[in-house]
Each structure stands twice: as structure tokens, then as C-alpha cells.
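Starting from the known structure of chain A, fit chain B onto it as the hints suggest.
For the protein sequence lines, the chains are A and B, in the order given. Each residue of the first sequence is one higher than the one before, starting from 0 at the first, in numbering that gives the first Met the number 0. Each residue of the second sequence is one higher than the one before, starting from 0 at the first, in numbering that gives the first Met the number 0.
It is worth saying that the hints were derived from the structure and are not from the lab. We put the beta carbon where it would ideally sit given N, CA and C, even for glycine. Warning: the hint list may mix true and false statements.
Covered by chain B, per the in silico footprint, the following chain A stretches (three or more residues, Cβ under 8 angstroms) [claimed, not checked]:
#, segment
1, 187-198
2, 252-263
Computed list of chain A residues with no C-beta within reach of chain B, every gap over 10 angstroms [to be verified]:
#, residue
3, Leu55
4, Ile121
5, Leu131
6, Ser313
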Amino acid sequence: MSLLEVNNLDVRFALRRGDVKALRDVSFTLDRGERLGIVGESGAGKSVAAFSLLNLIAKPGYIAGGSIRFDGQELNGMSDRALRRIRGNRISMIFQDPMMTLNPVLSIGEQMIECLKAHRRIGRREARAIALRKLEQVHIPSPEARLDQYPHELSGGMRQRVIIAIALLLDPDIIIADEPTTALDVTIQAEIMDLLLELCEKHNVGLILITHDLGVVSQVTQRMLVMYAGRVIEQGPTREIINDPQHPYTQGLMNALPQMATPGSRLNQIPGSMPSLDNLPSGCAFHPRCGFVTRPDGSERSACRTRVPEFVASGNCRVACHMVAEMLDQERIPAEETPR
Amino acid sequence: MTATATLTRPATAAADSPRPLLEIRGLEKRFSLSGDFLEQLKFKGGKLVREQEYVHAINGVDLEIQRGEALCVVGESGCGKSTVARTVMGLLHPTSGEIHYDGQRIDNLSTQALMPYRRRMQMIFQNPYASLNPRMTIQQTLEEPIRLHHPDWSRQRVRDQVDEVMASVGIAADWGKRYGHEFSGGQRQRIAIARALAVDPEFIVADEPISALDVSIQAQVLNLLMDARQERNLTYLFITHDLAVVEHFGTRVAVMYLGRVCEVAPTATLFATPRHPYTRALMSAIPRLEDDRPQHIRLEGEVPTPVHLPSGCVFHARCPHANARCRQEVPELIARDDGSRVACHGVEEGRIQ
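If we strip away everything but chain A, and leave its shape as in the complex, we get (with noise of 0.2 angstroms):
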């Protein structure tokens, strides 16, 4: 059994004109030490699907459905003060704007013994001490001094390093990290990268990486999710994936980058922008800008416009597009014809 398992989550916003699905069926699961990857534009619901795990989705938001498993306990609709005892503790998050993330009139140490504190019975002096081994962890140098500064006095690049070691204060099981590198600069980015994998493999932390850049993904994660308008619509190994991409979306956004074009030629553009929640598009959310639609005979598939697809298996990577599902049926029925 994995550490963490989600299964057909479901997650609305209630608004005055109704329920906007925000999440819808979203299933996945992260083994322990395991680093997954969740990619998509803004507005596919990624942010929403790693909120939701630990409950923190504001109102009007509200889980309408699905089970998230973590260590064999049911975290949907477990209550406030027992899911406190999870949150920071045994599943923590970083945050993308490490500006936001610390309170300004506190100092560092502050911020940390105070986290130590809420979670165990603790003194002072020996909450100090962890904070100052997290500290050291995460290669900030002259920890000591940096406990008695506050935020404003660190750059970019040490608070979200400090935002790393208040992460691993406690020891976690899984890190969920929402864009943790989008406000940094590239070398910086690098440096951060770097640090999150040597800590997620040396302490065996199972990773959840919210991202939009698929280079990131594809050097830190070994699985990925793509996620398109509140759904997920590809899933499997990162590397296969990223060498591989069998949803006409994930092709497009891999398609769409610079590197994958000769320097000074037109990039491959996906047409249109994705549908907001409230009025998507029947059948699947992607049909409108897909090229596929439409079979290399010139029929039309019908199923894309109206029926929302499953998911079918290609290798090791699940995908939800019935083009793919086409493909493979053509596949395997020749194949099993041949033997006899």
C-alpha cells in the first residue's frame, strides 16, 4: 500500500451562480521517499489538488468528494484538531513566494522554535538546537547568527532556504512544494532544486512538486501528473512522459517550448487558451483546441465532443484521451489476430 493515496477527489467552489468544479476525479498515489511532479497552466486546478490534501481549501471551497489515504488514515473529513497532528508534522508545505510564507516580525529562530513548540513538548533550548541543525542542513551559512535575523535581512534564496528547514522541522513523511522556485531567479532556482532532492533523498521525504516548468520536473520527479482544467489527463513515469507524451496536450505543451523548435522558426502553438471551470466544454475539456478531433481520414471522432474520456493504459503512463484509446484498440486487434 502506498504512503499517500488519492482516489476520484472532488473539489467545488460554491459560488452564487453554483458549484464550480475546480477538481474532478482526481486519483493518484506517492509511494514513501517517492517524488511526484503535478504540471498544468494556470487555472488546470494543480494548486488546488496539494491544498486540498492537508483540507486547507478556503470557503467557499469545500472537498464534495473522493478519499485522500495517508499511512492508512482517511484525511477527508477527519477533524480540525486531528488533522492538525499531520499538518507541518507528518505532511508539510512550501509555498511559492517565500516573502509571503514568513511572518516579518518574527525573528528566524522565532518562527521555528514557535512551529517545534505547536507540535511537541518542548523547551526552549533544545527547540533551538533542532532549528539550528535544520538550519545547517539546508547550507545556510553562519546558522547561528541567521536564527536572530528576521526575514527582510535574508535574500530570495535563503528565506525559501529557511521555508526548506521549517518544512523539515519536524521530519516529515511528504513535502508538498507549490512552486517553490517560480519567484527565484535560474541560478538560485538550480541551487533549490538541487537542495530539495540531495534532502528528499537522504531522509527518504516523499516529494510533491507543483510546477508549470517541465524542465524542473524532469530533473527532480520520477513521476508526473499533467493536469488540464481540473482533471488529470496523463500520468506515469517522468521520463517516459517527457520522451514521450501520449496526450495531444502534454505534446503541445512539450511542443510549444523554445528548445523543441530551430532557433528563429515559428514555435508550435497550441491554439485557443484553456476554458475557464464554470463553462467547459462537453466531452473532453480539450477537444476545442485539440488537432485530433478530427481522424487522418477526415471523420470526426464524435466521443471527444461528447463523452468524457477514461483512462487508458499506454506502457507505464495512464492516459484520458480517446485518440489514444483508438490507437491502442487498432493495435491490439491485428496483434491478436496474427497467432492464430
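Okay, now just chain B, sitting in the frame of chain A:
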């Protein structure tokens, strides 16, 4: 600084014979941190002294852009790339140095005298949510620059011009009656590009025009900018931090660090053989899709504050190759055989291969 810049200039000007469309010479820009006159007065040792502190955003930048080029300026936040863009556009006044456009010095012109140049050079900003006036319809937004620069045009002619530019960037005619907030980020950036193109400019300064957009939308906008370049024979000064975009879009690249240009080279040359240690570190840090992850070059420490500039080479504190000379002497951009220019003592001396 300015003196050395003018000394080295004739050699480079003779090399590329046609007159550059834009020429930046010895540009410096600093911003005061000290407030007004009274706030600068301090009581020290029984005397009243005036103290001022500055952010040195640009510290001596020389660049030229030929007609038809797309010069990309890359660097990390705080390196002064946006300040260069804004100074070129006349949105900021340089502290010292000169900006020449098509042979004419423009940084000292009055607002009135600058007007014809404002028509010829247009700017596209990073955030299309902030750069469109929320109280104007798209039609009004696009008509405004045309009316400003062509006050004698008839109403019909202005409309024709707007229709034409809307068609050329792929804006449907019925968008005109709507307001900015009704559009997505990519659509807004399309409108911002249309506004820049409405007065038929020849030179576009684009400050991170696609950084705020999603990947699939980035490709659309980048394609649009490249189409416009071909159809209208535009010259670009393109500011970005994304090296993948640079490799695709730029004809030449200037890498900036702490207000100075450390390397300028044709795009293919720079990506094949980066010379400056900072350029190498920057390029090794890009996350790649390929499996074979080369160890990126780790830089010591962090970018120093532009308030107290380091002596000598601005990069020396983080450079693995720095020696005594680097700590004392500011390196100048030195031209190399492959068409690149590198400001590094180590490269000049052959210490860095």
C-alpha cells in the same frame, strides 16, 4: 568610464560599417535612496553633513543595435536590464552617458522634440494586466496612440489603421467594443502588441513580454512577435530572463550582471561557446528536459547589492577564477575573433578557456 567607452568605440564602429539604429554609450543610471534635501542632512562629529546613498542600477553599458536585429538582454533580477529598456525609451533619464537613435542623440531632447522618435520606437510591457487602461475599450486603447501621433488624420483613417493592425495581430473585430478585463492574459498581451504596432514603429522594446504568460500562450505571443518582425521589418530590444526564449528569438545576446554587460555575442556563438564565467553559470542552471543532467556550476554567495558596488569586476566575489587583478581593475568588453565581446580579465589573459 565614458572616456574609455569613447576610446574603444571607433574600432567597433569601423568593423560593422552601417550606422546602428540604436547606440548606447557609457550609460549609467543611479537612483537616490536618500529622499529629499532635508532628509539627506545628517549630524556627524558636531558638523552638519549631506549624505546620499544610491542604487547603481546601470554602471556603464555600451550596446548598439543594427537595423533588423533582435538583441536580447538577459540577466537575473536586479541586473539592470529593465532599467536599460526604460532609459532607452526615455521613460528614465540617464545619470550619464548617451543614447543615439538613427544617428541623433535623443536622451537630452525635450518632450516635444522627442515626439517623432516616440512614434518610431514603441514599448511592450511585462504585465498585460497593468499595461491596459481598464476604463478604455480596446478600440479606444488602439486609437489613442494613432491620434496622438497623427492629429491631422481623419476619423475614418484612424479607424482603418486600427482595423488593419487588429487584423494583423489576430484580434477579432468585435473585441473593439470590449474592455481589457474581459480578456485573458494572452489576449491582453496581443492587444498590447497591437497598440505598439498601431503607429507603425520600426523599433520595439519588449520588457519580459511573455514572462507572465502560460507556456502554451507564450508560444502564441512569441510567434506573433516573430511574424511582426518579418512583416514589418522591425528591430527588437528584447529583455528577458529566459534563455530558451533568447536562443529561439534573438539574433544577438547581451548578458548583464549588476548593471554591466559581461558578454555580447551572436546567439549561436553564445550558446555554443559561452566565455564569461557568469554566462556559463547562468546557462548551466537552466532546467533541461534531457535525462543526462550535467552538474550545474554552483556560484558562491549571492548577487551583491547595487548600493555598494564591489571594486574591480562586479562578478569577482562569486567567480571561481577571480584573482588580484579582478578585484581591482574593471574589465572592459574586448572583441574576440568569433564576433563576441567579453568583459573578463581571465578570458582576456587566456586563464579561462
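A quick look at each hint next to the structure:
Counting residues of the segment 187-198 of chain A whose C-beta lies closer than 8 angstroms to any C-beta of chain B gives 6; at least three are required, and the coverage claim holds. A count of 9 residues in the segment 252-263 of chain A with a Cβ less than 8 angstroms from any Cβ of chain B is obtained; the coverage claim is therefore met, three being the minimum. Its beta-carbon lying about 24 angstroms from the closest one in chain B, Leu55/A satisfies the requirement of being farther than 10 angstroms from that chain. Against chain B, the non-interface label of Ile121/A holds: every CB pair exceeds 10 angstroms, the least being about 33 angstroms.
Interface exclusion of Leu131/A from chain B stands, the closest Cβ pair being 21 angstroms apart, more than 10 angstroms. Taking the minimum C-beta to C-beta distance to chain B, about 20 angstroms, the non-interface status of Ser313/A holds against the 10 angstroms cut.
Hint compliance for this structure: every hint is met.
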